[in-house]
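Novice: Each chain, written out:
Protein chains: 2
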Amino acid sequence: MAKKNAFYAQSGGVTAVINASACGVIETARANAATMGKVYAGRNGIIGALTEDLIDTSKESAAAVALLRYTPAGAFGSCRFKLKSLDANRREYERLIAVFKAHNIGYFFYNGGGDSADTCFKVSQLSNSMGYPLQAIHVPKTVDNDLPITDCCPGFGSVAKYVAVSALEASFDVRSMARTSTKVFVLEVMGRHAGWIAAAGGLIESHGIPVVVLFPEIEFDEGKFIQRVDTLVKSHGYCTVVVSEGCHYPDGKFLAEQGTRDAFGHAQLGGAAPVVANMVKQALGHKFHWAVADYLQRSARHIAAKTDVKQAYELGKKAVQLALKGHNAVMPTIDRISDSPYRYKIGSAPLSQVANVEKFMPRNFITPDGFGITPLCRRYLAPLIQGEDYPKYKDGLPVYATLKNLPVAKKLPAFELQ
Amino acid sequence: MAKKNAFYAQSGGVTAVINASACGVIETARANAATMGKVYAGRNGIIGALTEDLIDTSKESAAAVALLRYTPAGAFGSCRFKLKSLDANRREYERLIAVFKAHNIGYFFYNGGGDSADTCFKVSQLSNSMGYPLQAIHVPKTVDNDLPITDCCPGFGSVAKYVAVSALEASFDVRSMARTSTKVFVLEVMGRHAGWIAAAGGLIESHGIPVVVLFPEIEFDEGKFIQRVDTLVKSHGYCTVVVSEGCHYPDGKFLAEQGTRDAFGHAQLGGAAPVVANMVKQALGHKFHWAVADYLQRSARHIAAKTDVKQAYELGKKAVQLALKGHNAVMPTIDRISDSPYRYKIGSAPLSQVANVEKFMPRNFITPDGFGITPLCRRYLAPLIQGEDYPKYKDGLPVYATLKNLPVAKKLPAFELQ
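Each protein sequence line maps, in turn, to chains S and V. Just so you know, we're using the working numbering here: the first sequence kicks off at 1336 and counts up by one. Just so you know, we're using the working numbering here: the second sequence kicks off at 1336 and counts up by one.
Any given hint could be a false lead.
For chains that are exact copies, the list does not tell them apart, and a pair is met inside one copy or across any two.
Lysine-lysine pairs mimicking BS3-like chemistry, simulated, CA-CA at most 27 Å apart [said to hold, decoys possible]:
(1) Lys1729 to Lys1739
(2) Lys1739 to Lys1569
(3) Lys1417 to Lys1569
(4) Lys1745 to Lys1569
(5) Lys1622 to Lys1419
(6) Lys1339 to Lys1746
(7) Lys1645 to Lys1727
(8) Lys1680 to Lys1729
(9) Lys1727 to Lys1641
(10) Lys1417 to Lys1616
(11) Lys1417 to Lys1622
(12) Lys1588 to Lys1616
(13) Lys1645 to Lys1394
(14) Lys1436 to Lys1559
(15) Lys1338 to Lys1394
If you are wondering where the hints come from, they were derived from the structure by calculation, not from laboratory data.
Next comes chain S alone, as it looks inside the complex:
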């Protein structure tokens, strides 16, 4: 059997460690060069496959590939693009097959979250439905930590560490200022549907910090929230609030949607943090500060968790190993064996059970009052933020890889995205 090339692409929101998975894929493919051909990366995810915009990773030096392990965000570009079903858009699937055939691609590695698992699953069915032999493996990645089956998702541990470290540091700050100035600090974090990232803010309670966590899983109750803040400020002199961007009222309206208008009547987009902070000010009169971490949290490779980086690499490596063993339509997973000492093994799950399933915080990970995390949640989170894995620095800034990203010569006519 002639040696097949591989296609690798990054999809959806990027993370601090998705390139570590890329590094795992490319280095493992290179180590198995006898049985696997070149790795062609899609420029901007699946769009790179559809437009035949392929990057020849074999042109990158071993050092450049190794540096990917320390580099945040998507080195080949990502995309937000979901394939429709085969029935709804057969043209796209035919194009994918044409591109794969033209470049002798037999392996499809897709590095993404829930939507991407769905895309990968659809591609994995091409072997049967369209008679083109292809093995599709999904490499999990999402800061939201909401993929099923796997114990955690690469990208999450690092954002959790960032949030816990940042919330701890800012809490030391507000504690210093509280006597005559700021008494409440509000930090907004990501997580539109699931509260895993916000939960990481709850880890600082064990450092003696009075913290209120607002989860998307818990309907927001302003009265109870204000009461909780009041109690904490009275007992500690200050408090920190970690609010998920997905925090919402019982009717589903996000806290961030306040229907605010500027002087010209334009609707204003704001964050949840300023809304929560103003709420505290109006009810209790406390001076506040607020921060919105946004991209800073998911790109913060400088404070990535060592466990997370290691797992991201291992899952990329395992994806190639699964492919070489003949698997299709699977996703390598983290299977936790024990919390303390933390032990896990790399397993795998069928994509049919992964695509379009979201994993939320279990109710018993959240305290009965809805404002904190339980010891059970703490045991789950603790190992995931373990260890530091610092990049090298030059002139005060981290040394991150910017690849050559040389294109593979096109062989097909152009294709219009619809």
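Starting from the known structure of chain S, arrange chain V on it as the hints suggest.
Specialist: Below, chain V alone, put in the same frame as chain S:
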């Protein structure tokens, strides 16, 4: 002459390295125990002196004091409280002298920014004006970097490093997403009057990142700004904007003041970042993300600059040495000798020349178009973000000092703050 005790206090907004100065003061005082007595820290700055709420730092172990070097924010509590003039509030000065007399305090170390230098200067005059022998030394500290005479201020180098690292990482993120999603990322940083912190965002341009910096020193011109963003997005596919909280229109109105009202007609406090991001959206239609770093930037000890930590310690040490040599009404300073290799010495300046003077960005540190930094500015900033000085970690979180902060027994009647 009987050995005198020292008073030390932290004032104003805290930083990632103000405790490194505290460490320098306390360790140097301990090393000179033959000539200097105990260091009493004011709980919450000068308020601790007025209310006789003194902390006995001699009760802290050498290890705890050493850990201050790695701990962000103010370990003894800070305050925003400015002494009035002797004429306007003689009562406060009489109280200070009563407290100092009661506790045999002959040295006054005040660790703060511009307002605090003014307070320290007023206290330094007590020897003459009220016949109480006291030496007052100001230890500089401010993330705003706006004190005169000293080449830089402890706290600034670390926030500059945080901003440059964070802006670089987030720029890698938006670059990954730009093909189908976010094209403009806006990061809001501190600096109400001076643009030093925003300038640090300009450092990432040398890493190939298209960045627009909005300084408080440059009157905001929406048309020119939109044009600059448009040019960069057209040439690079994306761009990053670093906006100072102090950025304002020609009439002095801050960008953050948009006169927005919520559904109930309440004025909304927002940041400059969402305002700038919405401006770009409305003019150019680009999808955006924005972050407001707020306290995260000034408390980020986890990514403090080694140069900054070292200087913070050295200035605390020098303050004690100046006191022991008999100085009064002075501030130790960083005197730069050369940019590259970076060399400096510790000097000192009379407080009369420091109090109530603000140092802004020189116009020749800002590019002619007002949106970037010049090579001259780069040469100034580059050494200040050099080096990493990581804290230790335990269970995934930094090990920061929380002191015992035991009170010194009170000897005087209570005092009401006015």
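Novice: When the structure is checked against the list of hints, which entries are broken? Sort them ascending.
Specialist: 14
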